Amino acid sequence: MSSPFIEVRSLHKHFGSVKAVNDVNFSVDKGEVLGFLGPNGAGKSTTMKVITGFLPPTQGTAFVCGHDIRTDPIAAKRRFGYLPEGAPLYGDMTPEGFLDFIGRTRKMTRSARKAAIKNVVERMGLGEVLHRRIETLSKGFRRRVGLAQAILHDPDVLILDEPTDGLDPNQKHDVRELIRSMGDSKAIIISTHILEEVDAVCDRAVIIDHGRVVSDGTPLQLHARSPEFNSVALRVTEQDAGKVVEVLGALPEVAKVERKAAANGLVSLLVLPRNGQFIADMVGAAIRQNNIFVTDLHAETGKLDDVFRAVTIHSRAT
Amino acid sequence: MRVMLTIARREFVGYFITPLAYVFLVVFLVAAAVATFYFGDFLEIRQADLISFFTFHPFLLLVLMPAVGMRLWTEERRSGSIELLMTLPVTAWQAVLGKFLAAWAFAGICLLLTFPIVWTVNWLGTPDNGVIVAGYIGSFLMAGALLALTSCISALTKSQVIAFVISVVAGFILMAMGLPFVLDLFTGWAPEYIVDLIASFSFFTHFNELVSGIVAGSTIVFFVTLIGLLLLINRQIIELKKAG
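Chains as they are written, first to last, in the working numbering: chain X, -5 to 312; chain Z, 822 to 1065.
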């Protein structure tokens, strides 16, 4: 049995009386991309700062590839690559000089450094800016230099704090592609508050709020917590609407039918299932049997935003 | 060791990326020359030594060393790169020492570039070059102590200006402890050994020994110990106060 690449054990981090991280537990295995979600100020960045050894934990600890970050920080730090929030860099250096510096601190030999720099420069598309000062680069390029730095030594563990924050949609796409391409061979944690990212790249999502883990599961499990999970959206004509509500409302699997909006003589309806079961086929069959004209029919997966709001607002009340 | 030198190298090269280093070098050399020839009456006293050159070094270094060291940690804090640095497989000690050595090496270059004055005095007369070397050692050690002090203080703030001002004041206090007017405050009521103790902490007391050619082990030990102590405090500050 192999131990997980990242293991966080009953981690606490207090700033004075503020419990920024409050008994957080989770682990990430090889081949797993963990999305770390939560509202601003929930403790995402603090947790990452503790895992990477930047801040000492108040209680508990984290292991990276079996190395305790408290007692064996250097060995742990060799095994991960880290992109801190906002991707801070040495602005007075060029990407080439900067990456060389990182390679040296990681005790890579000259030839290993050369090969690694060539590899990440190609991967991150840094060729054209290699000899320009970092502070003169655009935000997108700076973020890419930060990512290049994190993956330079091909670490087993990657910890990325908001890697796509402030990037344009194309750049976001590129970064997600990159993370996905590395997902099989590494254990990756990315923090984000962009929920679509969870569906795009993550195998698992942990939501924290007020320093506590309030949800831990696959994106599908997360979707399943939405009241709209497996519901069916329909658009029918004004005349048919009443009949549709009646017919579908009578099905035992259906909890209720909601009228959403009406425009141009068409009405949008949302059919909510009982206990989140799959009802699209039944709804389809009922529609056909009753010869109802529909302009749209699709199954909803449930919005992560709603789930996110539900779990984080709930924890706020308690 | 290699990691520490990597950090030192990055920091050292950093001095020369901007024109600041060159401006600084020029200011240092001009100020040293002005002090020597104008205030020190180097030519008028017609002596083949560099006493008038070294006499002003404590004041020059007091102002200029904080300028060299003020960015060491403030910049890391301001830009947030301290988070990057301290999550690399680097110990706080390696980082502190590497940065200090880079600044000290830069100070060393400043001192080395004053060599024309040595050449001049040798051309004009026959000075005791041993004394001159001792003076340089004194200046270099004092520069080191002031840089260690500045590095320590720079770890406490994000502002270079604050780091500079506080370092100058703190450096001045360390120096002034040996001046008569400070000691006068204590003589009379405090026991003599207290006065001696205060005087023995002064940069001046030790520096003047070196400048007058006395290379006492205790003086070198004083400066090296002081530097070591300040850097240990520096490391402690970094460990305790990484963020914010």
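The hints are simulated quantities; they were obtained by calculation from the structure and are not laboratory data. Keep in mind the model is a prediction, meaning the values are calculated, not measured. Please note that a few of the clues may not be correct.
Listed below are the simulated BS3-like cross-link pairs for lysine-lysine, each with C-alpha atoms no more than 27 Å apart in a straight line [stated by the list, open to error]:
{"#": "1", "chain 1": "X", "residue 1": "Lys101", "chain 2": "X", "residue 2": "Lys112"}
{"#": "2", "chain 1": "X", "residue 1": "Lys166", "chain 2": "X", "residue 2": "Lys24"}
{"#": "3", "chain 1": "Z", "residue 1": "Lys979", "chain 2": "X", "residue 2": "Lys133"}
{"#": "4", "chain 1": "X", "residue 1": "Lys112", "chain 2": "X", "residue 2": "Lys133"}
{"#": "5", "chain 1": "X", "residue 1": "Lys101", "chain 2": "X", "residue 2": "Lys166"}
{"#": "6", "chain 1": "X", "residue 1": "Lys108", "chain 2": "Z", "residue 2": "Lys979"}
{"#": "7", "chain 1": "Z", "residue 1": "Lys1062", "chain 2": "X", "residue 2": "Lys108"}
{"#": "8", "chain 1": "X", "residue 1": "Lys101", "chain 2": "X", "residue 2": "Lys13"}
{"#": "9", "chain 1": "X", "residue 1": "Lys133", "chain 2": "X", "residue 2": "Lys166"}
Hint by hint, here is what the structure shows:
Note on X/Lys101 and X/Lys112: the hinted pairing holds, with a Cα-Cα distance of about 17 Å set against a maximum of 27 Å. The hinted pair formed by X/Lys166 and X/Lys24 meets the criterion: a straight-line CA distance of about 24 Å does not exceed 27 Å. At roughly 23 Å between alpha-carbon atoms, Z/Lys979 and X/Lys133 fall within 27 Å of each other, so this suggested pair holds. Between X/Lys112 and X/Lys133 the alpha-carbon distance is near 21 Å, which keeps this suggested pair within the 27 Å criterion.
Annotation: proposed proximity of X/Lys101 to X/Lys166 is violated, straight-line Cα distance about 31 Å (limit 27 Å). With a CA separation close to 34 Å, the supplied pair X/Lys108 and Z/Lys979 exceeds the 27 Å bound. A C-alpha spacing of about 35 Å is found between Z/Lys1062 and X/Lys108, which places the hinted pair above 27 Å, so the restraint is violated. This hinted pair does not check out: X/Lys101 and X/Lys13 have alpha carbons roughly 37 Å apart, beyond 27 Å.
Only pairs whose Cα atoms come within 27 Å are accepted, and X/Lys133 paired with X/Lys166 is accepted, the gap being roughly 12 Å.
The structure shown violates the earlier hints numbered 5, 6, 7 and 8.
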